[in-house]
Amino acid sequence: MMVSAVAPTNTVYARLERYLSAWQRSPRSLRIGSVILAVHVILAALGPFIAPYGYAHMGAGIPLSGMSWQHPFGIDQLGRDIFSRVLYGGHIEILLSLSGTALGLIVGAIIGLLSGYIGGWIDNLLQRLLEALISIPFLVLALLAIAAAGPEAAGDPVLVIFVVALVYAPRIARMARSAAIDIATRDFVTVARLRGESAWSVMRRELLPNATSVLLVEFALRAGYAPVLIGSLGFLGFGMRPPTPEWGLMISENRALLIVSPITVLGPGFALASLVVGLNLFTEGVARILGRSVRLGAR
Amino acid sequence: MLILRLIAERILLSLLTLLLVSMFIFLMLEILPGDVASRILGRDATPESLAVLRAQLHLNEPALLRYGSWLGHLLTGDFGTSLVSNRPIADILGPRIFNTVLLSLYAFAIYLPLTVLPAMIQAIRRDRPIDHALSIVTLVLLSTPDFLLATILLITFVIAVPILPAMSLVDEGSSAMEYIQAMTLPAITLAIVMAVYAVRMLRDNLIEVLDADYVRMAELKGLSARRVLIRHALPNALVPTLNVTALNLAYLVGGVVVVERIFSFPGFGSLLIDALQLRDLPLIEATIMISAAVYIVANLLADIGAILVNPRLRKG
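Protein chains in written order, with the numbering used here: chain A, 13 to 311; chain B, 610 to 925.
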């Protein structure tokens with residue numbers, strides 16, 4: 013009787029202890045990165061509810077009045093509270109980055125894995141096409157896609173997601189292809205092919221499970237750079253439109269009055285940079301656990 | 610002979626890539642949008658102005674024919690005429706490209722010491738506080754978007770310590786001193802963004818090389834630590850970093866777009882943004898084509914360099 017009463021607590025306790033020691037054994041970059049990301053995700057989820065003012069609420073304070081306890085990031089020229097706008101912007105930044113990168117990962121992984129497995133002229137052709145897309149510098153490629161979408165689509169979050177996916181898919185496909193070529197030489201793939209399985213099902217059941225660690229690191233790496241890309245587009249005036257509280261756009265809006273109130277630029281800037289620092293540390297930690305080397309910073 | 614064949618192969622592949630890029634640009638800008646003329650004119654469109662623009666851009670001809678003639682003109686160096694200023698695009702591009710090349714050379718001159726010095730300090734003082742501190746600095750800078758870094762530099766050197774101009778306006782009449790002043794902040798921004806990417810790589814390479822036997826040997830011969838580092842370790846650690854430098858050049862092609870914009874520097878990158886904002890179609894096509902060409906040529910040169918220094922290919 014006693015045993016059955018004690019055992020569950022014991023397992024829960026043991027499990028907690030296991031988690032704790034796994035956490036302590038994990039790379040320091042992963043721990044710090046996870047903490048930073050957790051803060052960002054919590055603030056992004058709660059942001060709209062805990063923000064003291066609305067993101068488009070004008071007259072929250074005296075315009076450009078600088079830092080104060082009531083307005084830690086100051087007030088912009090339209091009288092909007094920057095701190096509230098930064099809080100509202102968090103989920104925009106995170107959702108756009110993750111969905112854009114995820115779409116790029118899905119498309120890129122399918123193309124890359126199939127191309128590497130099938131080989132032959134199809135692979136050659138796809139390689140040349142992807143190479144062409146990669147040769148356009150990624151910011152220029154993003155701007156080209158936005159120009160192609162035209163003014164009707166400007167500021168549409170779906171367009172931003174598609175643009176992120178378009179920029180990343182060829183780069184992810186290149187990684188997935190080299191992973192597929194490596195995996196395709198193994199016996200279990202030969203066996204699957206001899207069983208008469210289609211290329212699609214070989215990809216899904218043999219290649220994909222064995223490429224997960226490559227794809228996971230690739231996803232984390234690209235997701236870490238996506239906020240910079242989205243911010244750059246917003247900053248240049250080709251991303252989200254006002255009054256959306258996108259951080260890059262906010263930096264560009266408040267830049268004109270930098271001399272009067274630098275904090276209105278530094279606030280959103282700190283939010284953006286710390287998000288990317290968290291993502292990069294997290295990526296480095298994940299890569300170390302999976303035994304892969306990763307070169308941070310997208311080029 | 611093998612070398613020549615490999616190089617010829619690389620060149621042909623690059624030309625093919627360039628051809629595919631031109632097709633992609635044309636597809637995105639002239640075929641996908643459907644009615645190009647009303648896209649360009651937007652709300653200002655009247656039936657007459659639409660007809661004029663259609664005639665000017667030959668939009669009534671079949672797309673394939675238009676692509677063929679565009680490509681044919683590109684091959685002879687004719688980029689067409691700007692819709693906004695009505696000047697030949699080649700004339701507009703000249704001074705802009707000159708400015709951007711100057712800016713890039715300046716940035717590269719700052720980039721080299723900015724990469725080598727921190728990496729050497731980190732490698733010598735491995736796992737000491739200074740190594741950790743520099744690692745944190747490079748990680749934070751690596752995560753800082755270039756437009757934010759430029760803005761922070763602007764706050765520092767224009768507002769807090771006013772020694773440099775905020776606007777980098779130059780023209781043909783500017784003196785060399787004015788050019789240097791105008792280009793300093795943009796060049797520092799580009800150099801930092803490129804350097805933080807390479808420092809982390811070079812530090813790891815240096816540490817690897819410092820552990821190699823020939824470096825141990827040099828130390829045992831009694832050479833000074835500085836001589837070992839500079840004559841024996843650094844050259845070998847730099848070779849893998851050259852690849853990163855090629856990647857950095859690729860960054861530079863896109864990076865100038867943001868950085869020139871921020872400092873209002875009249876270069877190639879700000880021309881691209883202007884063209885996009887004014888919906889100057891021939892100019893957009895020309896600038897994007899050129900930026901892709903620069904990237905492709907840089908990669909080609911890096912590949913040829915790798916083929917030339919590969920001793921396994923040198924004999925064959």
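Bear in mind the hints are in silico, worked out from the structure with no lab data behind them.
Some hints could be false.
[To be verified] Taking beta-carbon pairs under 7 Å as the criterion, some of the chain B residues facing chain A (in silico):
#1 637
#2 904
#3 906
#4 909
Bear in mind that the values here come from a model prediction, so they are computed numbers and not experimental data.
Where is the CB? At the ideal position from N, CA and C, for every residue including glycine.
Tested hints:
| no. | hint | result |
| --- | --- | --- |
| 1 | 637 | holds (4 Å) |
| 2 | 904 | holds (5 Å) |
| 3 | 906 | violated (10 Å) |
| 4 | 909 | violated (10 Å) |
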